[in-house]
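Colleague: All chains should be built: construct the whole structure from the sequences, respecting the hints.
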Amino acid sequence: MEVWLQNVTFGALVGGLYGLAAVGLALVFGVLRMLNVAHGELIMLGGYATFWLFTLWGTDPYVSLLVAAPALFAVGVGLYEGLFGRLVRLHEESKVQLSILIGFGLALVLHALAILLWTADDRAVTAEYAGRVLRAGPLVVPLTRLAGLGVAFAVLGALQLFLQRTDAGRAIRATAEDWEAAFLMGIPVRRVYRTAFALGSALAGVAGSLVAVSDAISPAIGLSWTLKALIVVVLAGLGSIFGTFVAGVLLGVAESAAAFALGGAFREVVGLVLFVAVLAVRPQGLFGRGL
Amino acid sequence: MNPSVAAAAAVALAAALPWVAGDAAVNWGLLVLLQVTVAQSWNLLGGYGGQVNLGHAAFFGIGALVTRGLWVQGTPVVGALVAGSAAAAVAGLVVGLPSLRLRGPYFAIGTLAMAEILRIVVGTTLPEVSALPSDLITGYRLVPRYYLALALAVLSTAVVWRVSCSRFGMGLVAIREDEWVAETVGVDTYRHKLAALLLSAALAGAAGGAFGYYHLSFYPQFVFSPVWTFDAVLMVFLGGIGTVWGPPVGATFFVLLREALALRLTELHVLVFGAVFVVVVLTLPGGLVDVARVLRAMRVRRPQPA
Amino acid sequence: MTAPALELRGVQAAYGDAQVLWGVDWQVNPGEVVAVVGPNGAGKSTALRVVAGLLRPLRGEVWFHGERIDGLSPDQVVERGVALVPEGRRLFAHMTVLENLLLGGYTARARSVRRQTLREVFELFPVLAERSGQTAGTLSGGQQQMLAIARGLMSRPRLLLLDEPSLGLAPVVVQQVYEVVRRIALQGVTVVVVEQNVFPVLHHAPRGYLMAGGRVVAQGSAETLVRTEVVQRSYVGG
Ligand SMILES: Nc1ncnc2c1ncn2[C@@H]1O[C@H](COP(=O)(O)OP(=O)(O)O)[C@@H](O)[C@H]1O
Ligand SMILES: [Mg+2]
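Chains V, A and P, in that order, are what the protein sequence lines are.
Each residue of the first sequence is one higher than the one before, counting from 68 in our numbering.
Each residue of the second sequence is one higher than the one before, counting from 24 in our numbering.
Each residue of the third sequence is one higher than the one before, counting from 74 in our numbering.
You may find that some hints are simply not true.
Unchecked claim - Partial pick of chain V residues on the chain A-facing surface, computed with a CB cut under 7 Å:
#  : residue
1  : Val70
2  : Leu102
3  : Val163
4  : Ile167
5  : Phe171
6  : Gly172
7  : Ala179
8  : Leu294
9  : Ala332
10 : Ala347
Hints were generated in silico from the structure; no laboratory data involved.
The beta carbon of each residue, even a glycine, is placed where N, CA and C say it ideally should be.
Modeller: Below, the structure is given as structure tokens:
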């Protein structure tokens, strides 16, 4: 029983990170109707930013968030200007498809580039508090994971406030709901697209920083993070940030339960099973709604 | 030149290759032919049906492992190949049945997930290099493998050609252009997509089977690498998506360029071809076969000298 | 002589390969209320989309108070002082009434006086003030049309384009809508109203254009349009 509780706790802590990883993807899909399957590679880049800041200058990983986020925001602007922004004029279906294909190519390129630049080795940020744990009765909670959950929650809360309470945030939501009507409001839709894409990338950067502290990073982690994010989005739909967070926790718990009950190899299989189950239960699909 | 004449000439030339060229050229030709099948199989579903398959490597990999496993244990290679091909088709059903019911990116996500999970599972359960036993190595000859690859390339191109001028193919194109409209004019979109997926997966599985029969040793995980999927997509776009002759042209060009650049390192390969892919998608959506068409159209339109 | 508020000169437009407008000329003077009528598919909405910058014309020019505006993006056109209240209203249905209104006043020019405008708009549409916290999708049809117009006014337009504001509304509600249009015009805003037939606009727009098949086929007083429209229908056999 206690072992189970421990596993569920662990899964929930990881799951908060899944939620954070998924929100950026959902934002980009909701606003631009493009699926960036290189999202996980952006997470990977965020992880390396934190890793190098720590390794070269000893920057605390939670401080390096403040660098990783804007750096990935800039990367997002570049990717939008160079690649994804060229697809915005296409009609809905080819836009989704080409964005998926371009993202797929981009994912492989970033993966290859990371190997060439930084080798294929696993890396982790080993801050002096890395191994510390909190004990609550029989439960053991690693400090970095708890902090990760806290940061994820804070970032998502800030995002929620931004989208609900500011003009720029409302413009993003309006564009997601009806881009033509948004244009008629005088909203510069193309600029909103770019901002949303860059914001999604910045969120990936934050997620990556957290992954670098609580997990290990390597050039290969991208695809599995993309999949986790995709599955969370399919679970939660595009309806709400809070829903995405909950779905992330759900996936985290399901994964760690499956790994515990059936063996480590099943951790990855759970996501696919959930994905198929959701499609079977809610065949109208979850991707279609506004933000 | 008439395309069917050109095709016949190309096949005749390919069939004659082992008679006139050395092992290196035959090996090179085999790789081209193998990639033709890989590209055509992706093209069938992606180019005609408009369904983005990001897990094509899974079908290729399943075909490779099943075929190789059975063949090494003594099954005749054709039987092993058919079994590998069928296994890939079954995998296609597993991911296609739930995800093709819906429009949108579900199929892309499902295939991506399936391929990655298979890659991880195969990597953990079969960590050892799959090397041919020594008795099979001593009897190893390249030429039959070359002809197998040729047969599959011809078969896959014939299938795509046959589909392209059938009612079934028209239904697929209708789905690609606008799924909702296709449905309203009476196309059973779900069954069309499923059927195309089965064909596509079976062909990819057969290509994988030929690879498993051809290659001396590889890590089982290698045949599930997403790079196989990427190469398929790249060749299709390079040659011309949704056309019969685009994939063979793309495959030839791709293997040629790869050999010319001597990109032995996977990372460099991906880096270079990733860039090529993006440029092609953004600037030449019709691919190389379209360049020929555009040039021809320009020549026809030019006024004749008096 | 002052420049017209809005002028279309030989505007041609297409969706992809399908050409829809074949040379449309309009001239609307400052402060006028002008009707544009014509059967479904005549190209009325397309012409408005060209003015709003949602669609680039193939040929021809669009002038707004002496400035050429074809080629500008929609947000730039709004910034110049043109507001289009589109066919079907296109409210942000999942957002509140207040959020819809705030979005209407998104441009820099409008934002600087947004509170003031909001007060004026609430005076004109008291029902929206009552329901400002409600989700737009839950309003009645008439209220939605009012919100759509109010949202357009939030950008402080000099020219208001209304595309079939009476669509799907009960006759009483249509009257209320046109009463609002009259009050807006009284404040000096130029108004172009598109309707499928003349009758809803008859007493509100002294002058108008009749469109069919992507062209202007008649223009003049409301009475002229009524007569021409009747003749046209008898030709078409409708
Ligand atoms: N988005 C579109 N794509 C293609 N054709 C369109 C589109 N919108 C309208 N059309 C066509 O353009 C023509 C004019 O349409 P529209 O301007 O909406 O007419 P109206 O507003 O006068 O009813 C019609 O034949 C219509 O089918
Ligand atoms: Mg209309």
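Colleague: The structure should be examined with respect to each hint, and the outcome stated for every one.
Modeller: So, going through the hints one by one against the coordinates:
no.: 1; hint: Val70; result: violated, 23 Å
no.: 2; hint: Leu102; result: holds, 5 Å
no.: 3; hint: Val163; result: holds, 6 Å
no.: 4; hint: Ile167; result: holds, 5 Å
no.: 5; hint: Phe171; result: holds, 6 Å
no.: 6; hint: Gly172; result: holds, 5 Å
no.: 7; hint: Ala179; result: holds, 4 Å
no.: 8; hint: Leu294; result: holds, 5 Å
no.: 9; hint: Ala332; result: holds, 5 Å
no.: 10; hint: Ala347; result: holds, 6 Å
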